[in-house]
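Q: Sequence:
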Amino acid sequence: MDVASLMASHVLSAPPPAAIVALQASVHESAAPPTASFVPPPPSEVAASTDDLTFQAINSLDWAQGGLPALTSSASSTSLLPPNSPSVPLLRRVSTDTLLQIDAINAPPLTTRPHLESFPIPGKDDQRLARGLRAEVLIEAEEILRGNDRGGYTIPAKGLYPYQWNWDSGLVAIGWSAVDHERAWEEMRRLFSAQWADGMVPHIVFHQPSPTYFPGPDIWGTADHPRNSTGITQPPIAATAVRQLLERSMGGDFSGGVAWNGGSLADDRSSYSLQQAEELFPKLMAYHRWFQMARDPQGTGVVATLHPWESGMDNSVAWDVPLRNVPVDDIPAYTRRDLGHVDASMRPTQAEYDRYLTLLYRFRAVDYDPEQLYYLSPFRVTDVCTNSLLHRANLDLRWLAVTLGRTDNAMEIDQWLQRSVAAFPSLWDESSGIFRCRDQITGEFLDAATSAGFLPLFARVATPEQAEALAGTLSTWLDQVEYGVPSLDPADARFDQLRYWRGPVWAIVNYMVTDGLRFYGYEDLATRVEGSTRQLMNEHGLFEYYDPTTGQGAGGSDFSWTAAMALAWLNQTGGSGIAG
1143 MDVASLMASH VLSAPPPAAI VALQASVHES AAPPTASFVP PPPSEVAAST
1193 DDLTFQAINS LDWAQGGLPA LTSSASSTSL LPPNSPSVPL LRRVSTDTLL
1243 QIDAINAPPL TTRPHLESFP IPGKDDQRLA RGLRAEVLIE AEEILRGNDR
1293 GGYTIPAKGL YPYQWNWDSG LVAIGWSAVD HERAWEEMRR LFSAQWADGM
1343 VPHIVFHQPS PTYFPGPDIW GTADHPRNST GITQPPIAAT AVRQLLERSM
1393 GGDFSGGVAW NGGSLADDRS SYSLQQAEEL FPKLMAYHRW FQMARDPQGT
1443 GVVATLHPWE SGMDNSVAWD VPLRNVPVDD IPAYTRRDLG HVDASMRPTQ
1493 AEYDRYLTLL YRFRAVDYDP EQLYYLSPFR VTDVCTNSLL HRANLDLRWL
1543 AVTLGRTDNA MEIDQWLQRS VAAFPSLWDE SSGIFRCRDQ ITGEFLDAAT
1593 SAGFLPLFAR VATPEQAEAL AGTLSTWLDQ VEYGVPSLDP ADARFDQLRY
1643 WRGPVWAIVN YMVTDGLRFY GYEDLATRVE GSTRQLMNEH GLFEYYDPTT
1693 GQGAGGSDFS WTAAMALAWL NQTGGSGIAG
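Heads up, the sequence shown is in my numbering, so the first residue is 1143 and it goes up one at a time.
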């Protein structure tokens, strides 16, 4: 049985069958069972061998993302050579000249990398991406970030979201890097100031009390942790953000996975960024280890999402079936605060909220112990978004490890990447030409094609054949709406153009989809999505999300991560963030 079939047929609530154990052993022979502290085995104890199939899959990735000397292959086995091996020089902190060559290290032949033939590296002299984005929009974008700044962290929007959100902060930091370099790093430091002892980074940090949001810190009950926060996480984009901040400080640009178009390690800004990256790196490693141990304790290669809020796509149609299977407990009466800021037609339903809170109270009852939560939660899914962002973040964390001279950490990350590459085929739905989420309790595909299904492009984990199918699927979607990318297949009867993640367009998803399309060589389609996003911002402002049929802005207004995308993605000019 191949890996995809094995994963598809395996019900994760049961102990792993012998076949899964054998598969895990072939990739990670000496992996220790999870412990309360979630400390993985040191790299020196991690077995190096895997099968040729996995080797081929790993090397089908663009290892320019890492720059570490390649996996080596023989006729019968594949190994990660230890860092002191005579055939692999011990990696040290690399010079700028070396960094400029990273994309060439162990890259497949150019004929298999069509994205490099057509993909431009935008910089200060390239106005292609900035063209058409009005100066007023860019001025407004910077004003939004500064207006939502709360002294070192950025709230997503006034009133509706008065705290610091995990994946918002990573994307917002990228936006800050276009206008205020040091402030960008401060965003990441403040987020990780709330990291739990086991490595988890919460999805909300309650820095200050606010009466405008529910459920707040009193409901979550986590005051004994470093800061008041929630007890769950969100899709991990922090390592991707840190890599981008470091690259930008060195004069490079991170668009489309093509690194380094100039810059020096010698200037003050680069030195400062290098110091910040070094300080954050062990915290990022701890966070990623937490995902491996707390959300994939059986070593399957995919991590579980245990609450819709962990997905970041709270009320996605993909969660309808597994959420309905959550019995509503006798929870305390509550008053929603979100409906005082946004029309109910744009928000999750009351029935969904009852189940969100049921899960919250169940998690709180065991003090958010990850070992218990994995098996206790009646909602346990494999989210394509979370797994895609984690895979991409692991690639970027690996790059950081190499850049900072942390070779042992890079080898540890390689083990995570191998398992992930082997598992991702289980999420591919050939019949619909898109990646789909799975219910880990039933083992079944979840019946919804969502925008998350395109994010394996951003992760660089889709095969060329899958990328071609995804491009065709996306083109079909775009032909049915005025503005892309809708968060649900427009042909789905459940499509709702204004209700949160059940149809609307999100600028941050468009950024990731565009990045992935360019990496795989679909320049025309990437430009189409990019142009659609610029048009939304020019004509309707900087909202949380948009109606894909009319362009109407919806959800929160003056929204931070939308402003960040205007500054750091759609405007590549740097400086004040104003094109031209």
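Source of the hints: derived by calculation from the structure; they are not laboratory data.
Bear in mind the structure is a predicted one, so any value in this text is a computation, not a measurement.
Treat each hint with caution, since some may be false.
[What the hints assert, rightly or not] Okay, the calculated beta carbon distance ranges per label pair: (1) 1413 with 1361: 17 to 23 Å; (2) 1520 with 1606: 35 to 41 Å; (3) 1288 with 1421: 21 to 27 Å; (4) 1677 with 1462: 28 to 34 Å; (5) 1350 with 1589: 16 to 22 Å; (6) 1335 with 1281: 45 to 51 Å; (7) 1335 with 1410: 23 to 29 Å; (8) 1363 with 1610: 45 to 51 Å; (9) 1666 with 1478: 22 to 28 Å; (10) 1610 with 1492: 39 to 45 Å; (11) 1507 with 1586: 24 to 30 Å; (12) 1680 with 1472: 33 to 39 Å; (13) 1514 with 1589: 27 to 33 Å.
Don't be surprised by glycine CBs; every beta carbon is placed ideally from N, CA and C.
Q: For each hint, tell me whether it holds in the structure or not.
A: Evaluated hints:
Remark: the range hint 17 to 23 Å for residue 1413 to residue 1361 is contradicted by a beta-carbon distance near 43 Å. Look at residue 1520 against residue 1606: about 38 Å separates their beta carbons, and that is inside 35 to 41 Å. Here the CB-CB span from residue 1288 to residue 1421 is close to 25 Å, well matched to the stated 21 to 27 Å. Evaluation of the 28 to 34 Å hint for residue 1677 and residue 1462 yields a pass: the beta carbon distance comes to about 31 Å.
Residue 1350 and residue 1589 have their C-beta atoms about 41 Å apart, which leaves the hinted 16 to 22 Å range violated. The supplied range of 45 to 51 Å is broken by residue 1335 and residue 1281, whose beta-carbon atoms lie about 31 Å from each other. Between residue 1335 and residue 1410 the beta carbon distance is about 24 Å. The supplied range of 23 to 29 Å therefore holds. For the pair residue 1363 and residue 1610, the supplied restraint of 45 to 51 Å holds, since their beta-carbon distance comes to about 49 Å.
A beta carbon spacing of about 43 Å between residue 1666 and residue 1478 contradicts the range 22 to 28 Å that was offered as a hint. The given range of 39 to 45 Å is respected by residue 1610 and residue 1492, whose C-beta atoms sit roughly 42 Å from each other. Range check, residue 1507 to residue 1586: Cβ separation about 28 Å, and the 24 to 30 Å hint holds. For the hinted restraint 33 to 39 Å between residue 1680 and residue 1472, the CB-CB distance of approximately 50 Å leaves it violated.
Restraint check, residue 1514 to residue 1589: a C-beta distance of roughly 29 Å satisfies the suggested window 27 to 33 Å.
Hint compliance for this structure: hints 1, 5, 6, 9, 12 are broken, all remaining hints hold.
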